[in-house]
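Engineer: Taken in order, these protein sequences are the chains called S and X. Under numbering that gives the first Met the number 0, the first sequence has 199 at position 200, and the numbering climbs by one with no breaks. Under numbering that gives the first Met the number 0, the second sequence has 16 at position 17, and the numbering climbs by one with no breaks.
Please note: incorrect hints may appear among the correct ones.
Identical chains share a label here; the pair holds if one copy fits it or two copies do between them.
Think about it this way: if two alpha-carbon atoms lie no more than 35 Å apart in a straight line, the pair counts; the simulated DSBU-like pairs of lysine-lysine are [said to hold, decoys possible]: (1) LYS176 with LYS469; (2) LYS549 with LYS493; (3) LYS176 with LYS407; (4) LYS549 with LYS34; (5) LYS34 with LYS54; (6) LYS354 with LYS549; (7) LYS549 with LYS461; (8) LYS41 with LYS54.
Honestly, the hints are just simulated from the structure, not real lab data. On a predicted model such as this, the values are computed, not experimentally measured, just so you know.
Protein chains: 2
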Amino acid sequence: MDALFDRHQPTLAAALQAVQERGYWSAYPEIPSGKIYGETAKDDGLASYNARLGKRFDMPGHPATTRLGAEISPFGPTLGITYPAADARTLIAASRAAAPLWAAAPVETRVGICLEILARLNRISFEIANAVMHTTGQAFAMAFQAGGPHAQDRGLEAVAYAFSEMTRTPGQAVWTKPQGRAEPIVLEKHWRIVPRGVSLVIGCQTFPTWNSYPGLFASLATGNTVIVKPHPGAILPLAITVSVIRQVLTEEGFDANIALLAADASGAEITCDLVLNDAVSIIDYTGSNSFGDWVRRHAGDAQIYTEEAGVNSIAVAATDDFTGMCANIAFSLSLYSGQMCTAPQNIYVPRSGIKTNHGLKSFDEVAVGIVAAIDALLADTARAAGICGAIANPATMTRIEAARGLGKIIRDSAPINTGDQRTATPLVLVVDSDNTNAHEEERFGPIAFIVGVADAADGIEKAATLAHRKGAITAALYDTDEGRVDAAVDAFAKAGVNLSINLTGGIFVNQSAAFSDFHVTGANPAGSASLTDTAFVANRFRTVMWRRPKAPDRITA
Amino acid sequence: MDALFDRHQPTLAAALQAVQERGYWSAYPEIPSGKIYGETAKDDGLASYNARLGKRFDMPGHPATTRLGAEISPFGPTLGITYPAADARTLIAASRAAAPLWAAAPVETRVGICLEILARLNRISFEIANAVMHTTGQAFAMAFQAGGPHAQDRGLEAVAYAFSEMTRTPGQAVWTKPQGRAEPIVLEKHWRIVPRGVSLVIGCQTFPTWNSYPGLFASLATGNTVIVKPHPGAILPLAITVSVIRQVLTEEGFDANIALLAADASGAEITCDLVLNDAVSIIDYTGSNSFGDWVRRHAGDAQIYTEEAGVNSIAVAATDDFTGMCANIAFSLSLYSGQMCTAPQNIYVPRSGIKTNHGLKSFDEVAVGIVAAIDALLADTARAAGICGAIANPATMTRIEAARGLGKIIRDSAPINTGDQRTATPLVLVVDSDNTNAHEEERFGPIAFIVGVADAADGIEKAATLAHRKGAITAALYDTDEGRVDAAVDAFAKAGVNLSINLTGGIFVNQSAAFSDFHVTGANPAGSASLTDTAFVANRFRTVMWRRPKAPDRITA
Numbered sequence: 000m001d002a003l004f005d006r007h008q009p010t011l012a013a014a015l016q017a018v019q020e021r022g023y024w025s026a027y028p029e030i031p032s033g034k035i036y037g038e039t040a041k042d043d044g045l046a047s048y049n050a051r052l053g054k055r056f057d058m059p060g061h062p063a064t065t066r067l068g069a070e071i072s073p074f075g076p077t078l079g080i081t082y083p084a085a086d087a088r089t090l091i092a093a094s095r096a097a098a099p100l101w102a103a104a105p106v107e108t109r110v111g112i113c114l115e116i117l118a119r120l121n122r123i124s125f126e127i128a129n130a131v132m133h134t135t136g137q138a139f140a141m142a143f144q145a146g147g148p149h150a151q152d153r154g155l156e157a158v159a160y161a162f163s164e165m166t167r168t169p170g171q172a173v174w175t176k177p178q179g180r181a182e183p184i185v186l187e188k189h190w191r192i193v194p195r196g197v198s199l200v201i202g203c204q205t206f207p208t209w210n211s212y213p214g215l216f217a218s219l220a221t222g223n224t225v226i227v228k229p230h231p232g233a234i235l236p237l238a239i240t241v242s243v244i245r246q247v248l249t250e251e252g253f254d255a256n257i258a259l260l261a262a263d264a265s266g267a268e269i270t271c272d273l274v275l276n277d278a279v280s281i282i283d284y285t286g287s288n289s290f291g292d293w294v295r296r297h298a299g300d301a302q303i304y305t306e307e308a309g310v311n312s313i314a315v316a317a318t319d320d321f322t323g324m325c326a327n328i329a330f331s332l333s334l335y336s337g338q339m340c341t342a343p344q345n346i347y348v349p350r351s352g353i354k355t356n357h358g359l360k361s362f363d364e365v366a367v368g369i370v371a372a373i374d375a376l377l378a379d380t381a382r383a384a385g386i387c388g389a390i391a392n393p394a395t396m397t398r399i400e401a402a403r404g405l406g407k408i409i410r411d412s413a414p415i416n417t418g419d420q421r422t423a424t425p426l427v428l429v430v431d432s433d434n435t436n437a438h439e440e441e442r443f444g445p446i447a448f449i450v451g452v453a454d455a456a457d458g459i460e461k462a463a464t465l466a467h468r469k470g471a472i473t474a475a476l477y478d479t480d481e482g483r484v485d486a487a488v489d490a491f492a493k494a495g496v497n498l499s500i501n502l503t504g505g506i507f508v509n510q511s512a513a514f515s516d517f518h519v520t521g522a523n524p525a526g527s528a529s530l531t532d533t534a535f536v537a538n539r540f541r542t543v544m545w546r547r548p549k550a551p552d553r554i555t556a
Numbered sequence: 000m001d002a003l004f005d006r007h008q009p010t011l012a013a014a015l016q017a018v019q020e021r022g023y024w025s026a027y028p029e030i031p032s033g034k035i036y037g038e039t040a041k042d043d044g045l046a047s048y049n050a051r052l053g054k055r056f057d058m059p060g061h062p063a064t065t066r067l068g069a070e071i072s073p074f075g076p077t078l079g080i081t082y083p084a085a086d087a088r089t090l091i092a093a094s095r096a097a098a099p100l101w102a103a104a105p106v107e108t109r110v111g112i113c114l115e116i117l118a119r120l121n122r123i124s125f126e127i128a129n130a131v132m133h134t135t136g137q138a139f140a141m142a143f144q145a146g147g148p149h150a151q152d153r154g155l156e157a158v159a160y161a162f163s164e165m166t167r168t169p170g171q172a173v174w175t176k177p178q179g180r181a182e183p184i185v186l187e188k189h190w191r192i193v194p195r196g197v198s199l200v201i202g203c204q205t206f207p208t209w210n211s212y213p214g215l216f217a218s219l220a221t222g223n224t225v226i227v228k229p230h231p232g233a234i235l236p237l238a239i240t241v242s243v244i245r246q247v248l249t250e251e252g253f254d255a256n257i258a259l260l261a262a263d264a265s266g267a268e269i270t271c272d273l274v275l276n277d278a279v280s281i282i283d284y285t286g287s288n289s290f291g292d293w294v295r296r297h298a299g300d301a302q303i304y305t306e307e308a309g310v311n312s313i314a315v316a317a318t319d320d321f322t323g324m325c326a327n328i329a330f331s332l333s334l335y336s337g338q339m340c341t342a343p344q345n346i347y348v349p350r351s352g353i354k355t356n357h358g359l360k361s362f363d364e365v366a367v368g369i370v371a372a373i374d375a376l377l378a379d380t381a382r383a384a385g386i387c388g389a390i391a392n393p394a395t396m397t398r399i400e401a402a403r404g405l406g407k408i409i410r411d412s413a414p415i416n417t418g419d420q421r422t423a424t425p426l427v428l429v430v431d432s433d434n435t436n437a438h439e440e441e442r443f444g445p446i447a448f449i450v451g452v453a454d455a456a457d458g459i460e461k462a463a464t465l466a467h468r469k470g471a472i473t474a475a476l477y478d479t480d481e482g483r484v485d486a487a488v489d490a491f492a493k494a495g496v497n498l499s500i501n502l503t504g505g506i507f508v509n510q511s512a513a514f515s516d517f518h519v520t521g522a523n524p525a526g527s528a529s530l531t532d533t534a535f536v537a538n539r540f541r542t543v544m545w546r547r548p549k550a551p552d553r554i555t556a
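One chain only, chain S, in its complex shape (with noise of 0.2 Å):
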């Protein structure tokens, strides 16, 4: 067989498996500890990091005809590193040149290389993981967790779909029709298969690893050619991928030029000169629903798999657990300051107010739970840093002064500590579902709306109606009513939104574990792609067979 594929085959056994049950199971461990990583792992990954600042990032024969590279950290530095970079043409015709061995080598090379470079990738997490930090504004340890072993078991996951999809069908058969009482007709059939060609993966600011890992392991394990084309401000963690990528390609005989990078600068993105070019046939995109609009109409025949915007809601109807519900938005709120795209926005709250295990809580009583649950997470400046991180995008910034005019505050965004122009905790508006329609827009960042609405019903039909409508990747309930419990589940699923039911414990429903939770459903405008189901790997290639009369002597063997 082969000697990668061998080496890695019980991972790929086990996440075959995990993806069939369900239930948790990661195969890059999350804790950033040096008794896993190696002691001096952490250390040695920021010391990686900090040699690659101000420096040119070299990738030996990667296509080049200038360098750039302008990314800032949102906690403050210059990265100053500069990227080879080239028009969408050349990378194209490189990527175009490198196609023909990958597309014929055998599944099993591809696979192993694949799960090789994610191996390879997860021994650098703590290198990546200040990469991510320092493009991304995620505090380290969800810079660690999301940037690293969580992307790299999304990736894990998209190779082993599609290693199981490539597989189903044999490479060969023998096809034995009876003729009655004269000899069967026989043929020999083969299948093979053939990659769609060239695939581009257009990363987003926020994730520049977990959004992109599923759909470049997908097309890399299936025999495409890939172009990464990272967010100008957060090069970097691509960066390094493509590297790693590129270095095991050389180093199995491959041509590197399988994996690039289309680094680009921000107001010149190359992206749309990519989407145009006919040569690219798979196009994973995350970002808005307004460009994901326009890849859309211009993409031709590329097949494209998206996640794109939404808005997430809570309804609130009752609880057993006040305080943990409390504490629980609150940490989903804070979380890396609302900018997930699993970040919930509203909350829906009835306007007589929810039963509880303290009694009936007005509304203003929920309100001010929440607000309160907040601001103690926050309490500690060195804990809030820890929770909320800074924000990636100076937009982010702008948006929050904007909502300000939107409700009224019962918890105004602030910084972490004063001054600090690059974090923002929560804002929290209360609004009335009867007087706005404000909430219903995305406000992407730490912007939340308490909404007023006639009763639970009322609030579980708006944030479902509101999902289907603008798109939503996640949905919360809180409830104690079992028959209402029901119907919501019920009414979000037919939004297609996956619904979380009365966390109030370590789980959030910010977060989406691999190997178990669907990300985004493509049931509804938030996007087309589910990482990952069958529908995100089947369609990146095709199979094709040649058949023949099977000599008569071959007949019977």
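Go by the hints and put chain X onto chain S.
Structural biologist: Then chain X, alone, in the frame of chain S:
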């Protein structure tokens, strides 16, 4: 479980095994024999067909604002049947109203119903054969096989893939995440299948059932409601089909309008209205590339699966059975007068001739050999009628007339019986690839080109390039040089076309067997669907989750 599912479970299990092994298998016998279908089945089927002529085709409960129908048998008689008809909006409203209970039905219930429908369709294969014969012009034997059992096999194949995919993710799981020394986080998770919505199946005239059943049954099994839009000239086979579906749905307590017939009139088709409607979220289309392009541009967010046109080629390089080769090609060109999407059009032959078991044969000798084989095959008029059938569409006659000027006629098309305007044997033209590209357009019908090329490799290259550029559903090669065969396998695979090599016996390039051959690869312009691969079913539904903390007393359960 479910009574219908239980009853047909052995058939489903066998189908699932067959698609995995891809040897020969069929659920529905293709031989129109009284021993299999009952001694009176043939007469009963004809009687049932005759009883429909000149009458209203009743569909209890089907939306109808008018009645229409103007089918004329290619063999002569007017059918005189009228069908319930309504505008697109009325049909879609009825389809949506029927949707919720179908979407909510358990997978086993829906799959059991689909399997029961297929079993009942199989029982009335003789009636369907007459309906197919007198709308498509297929001779009876072919109408029986392709319109009956083979179509049913393709429907079953789609149901099997859909079932496999829908049951790949468990309905529920317990997710237990360790928390070091603390209690683990334990969630219960539940997944459900959510269909996309209204599915539109646009049928063609030549294979009304064979080309429609895969999409129809794939959508139905995955919980979508289905609107079947037949070609105005071939309504009856799909009206019978929809009627059987509605009967079974009603018996099982579902709304019959889960399956609707969108009968319309030539020149006043409602296809565009249906495609443009936002509620239509899946489109299965068989037809021309030009209307296929229109569908793609106007379908909005609907998922589209197509089988469009292409130019199928045979590359002749060498043979060790010259007589067998000529006979095989002759049959492929004659069968249903070339009105198959799998029929070859171009036969590339080296100008300097080919090596055969009868010595070197010049270009002209190869051409003459093929023509002589056609003449021999069709010498007996009864046999010729049984092979060629009739011409489905008068436009094909016009095309034959126009094609006469495109090259040197070495065999003219003619009626099977003198003066018959409804039959046409193959027109065979000789052209040279250096002088014309007339053969590079699809000329649907009994029109074939023998194309002079530089040598064997040139013929293979031209055939593969044309497949890549214009699309092709089949390709064939005759060669004895194994090195060249290997190169051809690579070239045709790259062009995304299934290749048949050295067929000389009772199997033909036109034939595509369910459970073994993927029909259309989706890898060239001849279509985006592949019947049936996972990609054909995986995106017809999405998987949506709800999760909640598992109650402590149920954790150990």
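Engineer: Confirm or reject each hint.
Structural biologist: How the hints compare with the structure:
1. For the homomeric pair LYS176 and LYS469, the shortest alpha-carbon distance between copies (32 Å) is at most 35 Å, but the shortest distance inside one copy (53 Å) is not.
2. In this assembly of identical chains, LYS549 and LYS493 lie within 35 Å of each other by CA distance solely across copies; the values are 23 Å between and 51 Å within a copy.
3. In this assembly of identical chains, LYS176 and LYS407 lie within 35 Å of each other by CA distance neither inside one copy nor across copies; the values are 75 Å within and 39 Å between.
4. Taking the shortest Cα distances, LYS549 and LYS34 sit within 35 Å of each other only across copies (31 Å), while inside one copy they are farther apart (58 Å).
5. In this assembly of identical chains, LYS34 and LYS54 lie within 35 Å of each other by CA distance solely inside one copy; the values are 32 Å within and 82 Å between copies.
6. Within a single copy, LYS354 and LYS549 get their C-alpha atoms only as close as 74 Å, which misses the 35 Å cut-off; across copies the closest is 21 Å, which meets it.
7. With identical chains, the CA atoms of LYS549 and LYS461 are at most 35 Å apart between copies only, with a shortest distance of 27 Å across copies and 63 Å within one.
8. Only within a single protomer do LYS41 and LYS54 lie at most 35 Å apart by alpha-carbon distance; the minimum there is 21 Å, versus 82 Å between protomers.
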